[in-house]
Amino acid sequence: MARLGCIVGLGLALAGCGPRVAPAPVADERFTVQLEGSFATVQSAGPSIPVPGPFTESWTLDLLIVPLEAHPDDSITRRWTIVAAVDAAGAALPLTGRVFDVRQFPSGELLQLGHVGRAVGPGYGMEAWDLLFFAVSPKVPAVGRQPVRSTTGWTTPFGLGRSQRLIHSAIWALAPLAPGDPPGALAVTWADPVALEGRGTDRGVDPAPEVRWDGRGGEGRVVLARDGGALLSHRLRLERQATLRFPGAPGGPVELQQDHAVEIRVERR
Amino acid sequence: MIAALLASSVATAAPGPYLDRAMLEAALPASWPCAPAGDGVAVLTGVVAADGRLHLDPQPPTAPACLGPAVEALRFPAHPEAAVPVQFSFTWAAGRLLPPAVDRAPPPAPVLLFLHLPAGLPAGAAEALERALGLRRSEGV
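Taken in order, these protein sequences are the chains called A and B. To convert, count from 1 in the first sequence and add 7; that's the numbering used here. To convert, count from 1 in the second sequence and add 30; that's the numbering used here.
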């Protein structure tokens, strides 16, 4: 994926240069994405109800991205196809074959996510794995000699009146290349203090439940190609908590909290 | 998973060989008679009638014309449901058609949104949780 502001690598600073936008990607891209998560739910308020126990997921996705349409504002819509999705035992998941139309700026900033509502629920998981979009399309800021704070956000639409918006803010800094990184690549990290917050509402259900997201820390490392800034890899770890309120529960309002501890590894194929 | 749950819920009313992903995939040919030029993706939808015949929906304009007849010629096993919505996802790159994906068409988003649930949830568990939380889908959604 083409991206890249003014990024400095190998310890050399290009102080004072401003962001520049790389050309929009015109070629197909293919990534292997590994999703690992631990999820634990507790009831925090309201009359007691049975809540699901803790569980883990370890999924591997084969993700193909092809350009669909270029827009006058330099954004581009690309189709993300989950060519294959398997669990830790190698069994195919229903997520296989799902397609998302993603409009984004060359910087990686996400503008629109399409068809996500058809990939929600057990075995699909986009209500929790919305982080996939940020992982594959991080908005890498212009980084010079000094680390910079950068903020980005994305709205995940699940259907009419059903959506959530997350805001990710972190300190980005240049990093040395590690063994295994392609020679000449650029490495950037983002780390604490990481702020991740968000809200969602579900007007598709009456009365409307709401979700609030609170970050609990995280870190990531992005490796980019020096020429064009294509994403080569992104490894991230994030902890966050969803607080869900259900005002229409029969015995009175119920509040649940679900902790998410996730790791995502994106590797260009 | 949801497709399996749906299938299992129907099974209580009329037992039989319900179409699942494996049965759908087994009906796909090893090779296809056409390979669209360039790169692209096409999602074709339709329904499989009880006799196993596939009736495709009108194809999106971006779908290569050569794929429709090849898909419509597919024959699936006879099954006890009147019509099974299915979805084919075709992807081709540099003129090479990748193995297509086929499955029962994904269901609409579940009533219980935001709370992440495990893939192996027992049948009916999500619905029981929805009732305990007082959830019901709004009119028209």
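Calculated from the structure, these hints are not laboratory results. Bear in mind the structure is a predicted one, so any value in this text is a computation, not a measurement. Note that beta-carbon positions come from the ideal geometry of N, C-alpha and C, so glycine has one too. Fair warning: there could be bad hints in the mix.
[As the list claims (entries may be wrong)] Chain B side only, calculated, beta carbon under 7 Å to chain A, not exhaustive:
| no. | residue |
| --- | --- |
| 1 | 53 |
| 2 | 68 |
| 3 | 72 |
| 4 | 86 |
| 5 | 88 |
| 6 | 91 |
| 7 | 119 |
| 8 | 123 |
| 9 | 127 |
| 10 | 131 |
| 11 | 133 |
| 12 | 140 |
| 13 | 143 |
| 14 | 146 |
| 15 | 164 |
[Unchecked claim] Here are some chain B residues the structure puts well away from chain A; computed CB gaps all over 10 Å:
| no. | residue |
| --- | --- |
| 16 | 59 |
| 17 | 65 |
| 18 | 69 |
| 19 | 70 |
| 20 | 80 |
| 21 | 82 |
| 22 | 85 |
| 23 | 87 |
| 24 | 93 |
| 25 | 102 |
| 26 | 108 |
| 27 | 109 |
| 28 | 113 |
| 29 | 144 |
| 30 | 156 |
| 31 | 166 |
[Unchecked claim] If you want a taste of the chain B side facing chain A, the calculated C-beta under 10 Å gives, among others:
| no. | residue |
| --- | --- |
| 32 | 51 |
| 33 | 89 |
| 34 | 104 |
| 35 | 128 |
| 36 | 129 |
| 37 | 141 |
| 38 | 145 |
| 39 | 147 |
| 40 | 148 |
Verification of the hints:
no.: 1; hint: 53; verdict: violated (14 Å)
no.: 2; hint: 68; verdict: violated (10 Å)
no.: 3; hint: 72; verdict: violated (10 Å)
no.: 4; hint: 86; verdict: violated (17 Å)
no.: 5; hint: 88; verdict: violated (18 Å)
no.: 6; hint: 91; verdict: violated (13 Å)
no.: 7; hint: 119; verdict: holds (4 Å)
no.: 8; hint: 123; verdict: holds (5 Å)
no.: 9; hint: 127; verdict: violated (12 Å)
no.: 10; hint: 131; verdict: holds (3 Å)
no.: 11; hint: 133; verdict: holds (6 Å)
no.: 12; hint: 140; verdict: holds (4 Å)
no.: 13; hint: 143; verdict: holds (5 Å)
no.: 14; hint: 146; verdict: holds (4 Å)
no.: 15; hint: 164; verdict: holds (4 Å)
no.: 16; hint: 59; verdict: holds (17 Å)
no.: 17; hint: 65; verdict: holds (15 Å)
no.: 18; hint: 69; verdict: violated (5 Å)
no.: 19; hint: 70; verdict: violated (7 Å)
no.: 20; hint: 80; verdict: holds (23 Å)
no.: 21; hint: 82; verdict: holds (21 Å)
no.: 22; hint: 85; verdict: holds (20 Å)
no.: 23; hint: 87; verdict: holds (15 Å)
no.: 24; hint: 93; verdict: holds (13 Å)
no.: 25; hint: 102; verdict: holds (19 Å)
no.: 26; hint: 108; verdict: holds (24 Å)
no.: 27; hint: 109; verdict: holds (19 Å)
no.: 28; hint: 113; verdict: holds (19 Å)
no.: 29; hint: 144; verdict: violated (4 Å)
no.: 30; hint: 156; verdict: violated (7 Å)
no.: 31; hint: 166; verdict: violated (6 Å)
no.: 32; hint: 51; verdict: holds (7 Å)
no.: 33; hint: 89; verdict: violated (15 Å)
no.: 34; hint: 104; verdict: violated (16 Å)
no.: 35; hint: 128; verdict: holds (7 Å)
no.: 36; hint: 129; verdict: holds (9 Å)
no.: 37; hint: 141; verdict: holds (6 Å)
no.: 38; hint: 145; verdict: holds (6 Å)
no.: 39; hint: 147; verdict: holds (5 Å)
no.: 40; hint: 148; verdict: holds (4 Å)
In the structure shown, a violation is registered for the earlier hints numbered 1, 2, 3, 4, 5, 6, 9, 18, 19, 29, 30, 31, 33 and 34, in ascending order.
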